[in-house]
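K.L.:
Just so you know, the sequences run in chain order Z, R and L.
With the numbering used here applied, the first sequence covers 3 to 272.
With the numbering used here applied, the second sequence covers 29 to 420.
With the numbering used here applied, the third sequence covers 79 to 359.
To be clear, the hints were calculated from the coordinates, so they are not data collected in a lab.
In this text, a Cβ means the ideal position worked out from N, Cα and C, and glycines have one as well.
Check each hint, because a few of them may be wrong.
Label pairs and their computed distance ranges (CB to CB) [unchecked claim]:
1. Z/Phe189 with L/Thr276: 29 to 37 Å
2. R/Asp355 with Z/Leu176: 43 to 51 Å
3. Z/Arg48 with L/Val211: 21 to 29 Å
4. L/Val211 with R/Asp141: 47 to 55 Å
5. L/Pro265 with R/Thr327: 47 to 55 Å
6. L/His261 with Z/Leu176: 37 to 45 Å
7. L/Pro231 with R/Glu95: 56 to 64 Å
8. Z/Ala172 with R/Thr327: 43 to 51 Å
9. L/Pro265 with Z/Phe189: 53 to 61 Å
Reference listing, derived: stretches of chain Z covered by chain L, where coverage requires no fewer than 3 residues with Cβ under 8 Å from a Cβ of chain L [as the list claims (entries may be wrong)]:
10. 31 to 40
11. 242 to 253
In silico DSSO-like links for lysine-lysine, alpha-carbon gap of 30 Å or less [unchecked claim]:
12. L/Lys305 with Z/Lys58
13. Z/Lys131 with L/Lys116
14. L/Lys257 with R/Lys106
15. L/Lys257 with R/Lys134
16. R/Lys183 with L/Lys257
17. L/Lys257 with Z/Lys234
18. Z/Lys164 with L/Lys165
19. L/Lys292 with Z/Lys7
20. L/Lys116 with Z/Lys216
21. L/Lys165 with Z/Lys234
22. L/Lys292 with L/Lys205
23. R/Lys316 with R/Lys286
24. R/Lys207 with R/Lys106
25. Z/Lys186 with Z/Lys164
26. L/Lys306 with R/Lys154
27. L/Lys232 with Z/Lys7
28. L/Lys305 with Z/Lys216
The primary structure of each chain is shown beneath.
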Amino acid sequence: MIHTKRLATPYIVWMVLFTVVPLGIVFYYAFTDSITGQFTLENIIRIQSYMPIFIKSIWLALISTLVCLIIGYPVAYYIAQCPPSRQRLLYLLVMLPMCISFLLRTMAWVSLLDDTGIINRLIQAMGMKPLPLIRNNGAVILGMVYNYLPYMILPLYSVILKIDSRLIEAAQDLGCNSPQVFTKVIFPLSMPGVISGFTMVFVPAVSTFYISQKLGSSGTTLIGDVIESQFKAAYNPNLGAALSLILMVLVFICIGITRRVSGTEEVAMP
Amino acid sequence: MSKELIRLIDCSMAFDDEIVLDSINLSIKNEEFLTLLGPSGCGKTTTLRIIGGFLQATSGDVLFDGERINDVPPYQRKVNTVFQRYALFPHLDVYENVAFGLRLAKLPEQEIDERVTEMLEIVSLKGFENRSISQLSGGQQQRVAIARALVNRPKVLLLDEPLGALDLRLRKDMQQELKRIQQTLGITFVYVTHDQEEALSMSDTVVVMDRGRIQQIGTPEDIYNEPENAFVADFIGESNILDGVMLEDYVVKFFGRKFRCLDAGFEPNEPVDVVVRPEDVEIVTPEKGQLTGTVTSVTFMGVHYDTIVDFHGFKWLIQTTEHHDVDEVIGIRLGPDDIHIMHRSEYSGMFGDYSSYSEEYDEMNDPDLYPEDLSEDSSESEEGAAEEGSET
Amino acid sequence: MRTFQRTFTYLVLLFLYIPMVVLAVASFNAGTDPAVWKGFTLHNYSELFADGVLLPMLLNSVIIAVLSSLIATVLGTAASIGMHDMKPRLRSMYMTVTNIPMTNPDIVTGVSLALLFAFAGTLLKMKSVLGFVTLLIAHITFSLPYIIMSVLPKLSQMDPDLQEAAMDLGCTPRQAFFKVVLHEIMPGVISGALMAFTMSLDDFVISYFVYGPKFVTLPVEIYNYTKKPLQPKIYALFTLLFMVILLVMIVMTMLEARDEKQQTQRRIAFRGGRNRKEVRG
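Isolated chain Z, as found in the complex (with noise of 0.2 Å):
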C-alpha cells in the first residue's frame, strides 16, 4: 500500500559505488601488471613469498583474539551482574579508552616497555636487570590485546545481559552446579556475543600495520605493514591489491570457520 521501499535506493546506490565497485577494482589490480596494464597471474604468485608473514599475522591475531576471550569474558559477565547503575559506570570505563586514538595509546606503551622505557628504570632502581619487553610477539600481542580488548568486551556484555535468568534458575531446578550452570546454559546462550566480539577483535588484529610497527621488530612484519609499504612507500598498487584480496578471503573463511564451529549465524551487536 504505501511505497517506502525506494528510500532504500539511494543507500544502495552509495554501497555499490563505494563497496562493491572498488572492491572489482582491487580485483582488477590484483590480475594486471603494475607497468603494461595486462593480465598476469604474476601478483598471484609473488605472493608464495609473503605467506610466511600471512601465517605470522594469523597466528598473531588468533592468540590476540583467545587472550581477549579469556580476560573479556569474566568481565562482561561481573558488569553484567552489577545494578545497573554499577552497570553504566563500569560500561562507560570500557568504553572510554577507546576515545583516545590507539596510535598514541599505542605510544604510551612503547614509553612503558621501551628499553629505557619506565617499567625498565623501575626494574633497574630494584637493582635488576632491564627486560626485553619490546620489538617481540609478545609486545605486539599485547598492544593487539590492549586495543582491541574493549571491542570483545561489549557483545559479550550486551549478549550476557540479555539471558533470561528463569533460565538459569531453570537449571538448577532441574541439577545443574554453578559451573554446570555455566557450562551448559550461560556461556551456550552467550555464543552470539562470543563470535560477534571474536570477529570485532580478530579483523583489525589481523591486517594492523601501526602496532607491530612500534612493538614489533623486523622480525614481526605482518601482512598489513606489507600492504601498507606496497602504497604508501614501494608503491606497486597491483601487488598490494593482491595482497588484500588474498587478506580479504582469508579473513571471510575464519569468519565462515568460527561461524560453522559454533554453529550460529546470529551475531550480537555491541
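Go by the hints and put chains R and L onto chain Z.
P.N.:
Relative to chain Z, chains R and L alone:
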C-alpha cells in the same frame, strides 16, 4: 438505521497465491453494530483492514455511502480504527493521543480542548489527561484507544478484537461500556472477534466467517436458532449435529426414527444435517423416550450439568438441571421446535459428535484443533462413530 | 567467585587506563621522554595553543565527523525504513552489501577506496582527487552499516499498528513517519549517529589511504608525528581531549540516572494514588 453505509462487492484477497478472502459480499447499515465472527485465519481481520484502507482488495469494490473508495488512502476515509493492541503513541500523553487526529485536522485549539475533554469523560478517563501511556492499565489504554478514534466523529468505528488482551471480568465490563457508547453516539461499529458470546451479546448483526468466506449473516437470534450449516451450528454455542434424511416437509428421519420438525422446502429424501441444541433435549424415563441411551459422563458446570449420553455409539451433549448417574439408561424427547434442519455442506460430519468429550471440550469449538481423521470417520456412518465411541 | 571477578575486572580496567595515566603525566613533564620525569610544567599546554597545526587538524576531524555522521544518519535511516518494508529475500541481499564494510578489514576498505579514487582521478584527468571530498565519502561509507544496524532492530521492535493508527487518524504516510515512527526509532537513530561520529573522529586506517595533503585529520597527523621524535604537546592535546570526553560522559550518565530516578518516583507515586483510589472504592 436502515440506510446502507458500506458495501463490499465480490471482495477477494490473495497473498502470494494464498486466498484469504473469497468473494465477500457484505452490506453494513448506518448506526448498526455489526460483528465479524470466526476462528483465527477466517479472513475477518482482512475484511476489516480492507474497510479501513490498510489493504487493497485483490479484486472487487468497496463502496462508502454509494461511492467507490478502493483507492482512497486510510487518512482520507471517514473511518477510524481501534487496534488490537491499541497502538497508542508512547511518546504522547493521554490528552495528546486523543487530540492527535484533531490536531492533524487543524481544528482551533478551543474546539480540540472541548472535544478531547468531552470524549475523555465519555470513556470515564477524566483526570488522566497528563498521564503517560505506560502508566495506564490495560483497560485504561483500551479506553484511550476508543476515545482517540471516536473523538474524530467517524461515520464508522472499526474494532479489531479490542478486548482480546483484557481479563474476563474487565472484558465483560468493557462489552457493556462499548455497547453504551455505540448507542449514545449512534455510530456504526464494525467489530471483529473470535468470541461467540461477545458477538451474540453485543451485535445487531453477526457475520460468521470461515476459510475466507461468509458462512451466515443474521441477527444473533437467527444465527443461534437457525444456523445455516454445520460450521455455524458448531461455532455458535454447543450443538449435536446428526446425519438425517428429510422424508417430506416437516418430517425428518434420524437414528432410524421419524421426528416432526418445523422445517420445509427440502427435496424429498434429501440427506440433511440435523441440529439439536444440548439445552433443548428433555430427559425422561427410558419407556417414555423416543430414543434411549446410556449416560457416560457428567460434569457439573454451575447452572447445569453437562451430561454425555451414548446413543448407539454416537455421543450427545445434553444440558440438564437434574443429575443423572453414569451408566444410567435414560430416554429423551424432542419436540418439533427442538430440531433444526440444515442443508448438507462442506462442513457436514466435521462437527457435533461428543465422542472425544473432555473437560476442556470448549477447545473443540476451534476447528483447527479438531482432528481431521476423527471428523472424517464420524461422517461416514454411525458404525464409524461407534468405533470411535468404543475407544473412549 | 564474585570477589575474584570483581578484583579481576578492576585489574583489567587498571590495565586499560595505565597508558592514559602515562599520557597525562607526560603532558605535565618538562622533559620530552615520558620515561624520565624532569619536573612539572604547563609549557606543553601553552605550546599546544601556540601551535598552528594540531588544533586546525582537530577542527578538520570534527568537521568530517559531524558531516559524515549526519549524512550517514539520514541516508541510513531512510534505507532502514525501506529495508524494513522489503520482502525477506531482497532485504537479505541488501544486508549482504551492508555487511561488506563491517567484516572487511579496515585496511582493505582503505586500499579499495584509494584505488577507486585513483581510478576516478584518471577519469577526471586530475593528478589527485584526494582531499576533503574523498575523506567524507570514505567516512560516510564505513559509518552507514552502523546506522542500519542500530535503526533496523528498532523498526522491527516497533508495533506495526502505530503507523497505521497514525494514518487512520488522518496522517499522510509522510506525516505518520515524522509524527510517530521517527519518535519510536529515535533511540536507535541517536545511538547510530553517536557511533558513527566517534568512529569517524577516531578513524586512522581508512583515512590514511584516502586523505590528501590539503585536508588532514588529526589521527593521520599524529601518525606522521609519531614517525618523528614525539612532541609532548600531543600529550597535552590528548589529556585535554580525554578530560572533555570524560566530563561529557559523566554529565550524560548523571542526567540519565536522574531521569531514571524521576521515572521510578513517578511510578511509585502513581501506584500509591491507585491504591488510595481502590481503598476509597
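K.L.:
Sort out whether Z/Lys234 lies within 30 Å of L/Lys165, counting only the CA atoms.
P.N.:
Given that 30 Å is the threshold and the Cα spacing comes to 44 Å, the pair is violated.
K.L.:
A range of 47 to 55 Å was offered for this pair. Does it hold for the Cβ distance of L/Pro265 and R/Thr327?
P.N.:
holds, 53 Å
K.L.:
A range of 53 to 61 Å was offered for this pair. Does it hold for the Cβ distance of L/Pro265 and Z/Phe189?
P.N.:
violated, 30 Å
K.L.:
Given the range 29 to 37 Å, decide if the beta-carbon distance of Z/Phe189 to L/Thr276 lies inside it.
P.N.:
This hint holds: roughly 30 Å between Cβ atoms.
K.L.:
Starting from L/Lys257, check that the Cα of Z/Lys234 is at most 30 Å away, please.
P.N.:
Violated. L/Lys257 to Z/Lys234 sits at ~50 Å, over the 30 Å cutoff.
K.L.:
Please work out if L/Lys232 and Z/Lys7 have their alpha carbons no farther apart than 30 Å.
P.N.:
holds, 17 Å
K.L.:
Take the C-alpha atoms of R/Lys183 and L/Lys257, compute the straight-line distance between them, and say whether it is at most 30 Å.
P.N.:
Holds, because 25 Å separates the two Cα atoms, which is no more than 30 Å.
K.L.:
Taking beta carbons only, do three or more residues of the stretch 242 to 253 of chain Z come closer than 8 Å to chain L?
P.N.:
holds (count 6)
K.L.:
Does L/Lys116 sit within 30 Å of Z/Lys131, going by the straight-line distance between their CA atoms?
P.N.:
Given pair Z/Lys131, L/Lys116 holds - Cα atoms ~24 Å apart, limit 30 Å.
K.L.:
Does Z/Lys216 lie within 30 Å of L/Lys305 when you go C-alpha to C-alpha?
P.N.:
holds, 9 Å
K.L.:
I want to verify a distance hint. Is the separation of the beta carbons of L/Val211 and R/Asp141 within 47 to 55 Å?
P.N.:
Roughly 53 Å apart at Cβ, these two residues keep to the hinted range, so it holds.
K.L.:
Is the straight-line distance between the alpha-carbon of L/Lys305 and that of Z/Lys58 30 Å or less?
P.N.:
holds, 24 Å
Hints 3, 7, 8, 9, 10, 17, 19, 21, 26 from the earlier list are contradicted by this structure; the remaining hints agree with it.
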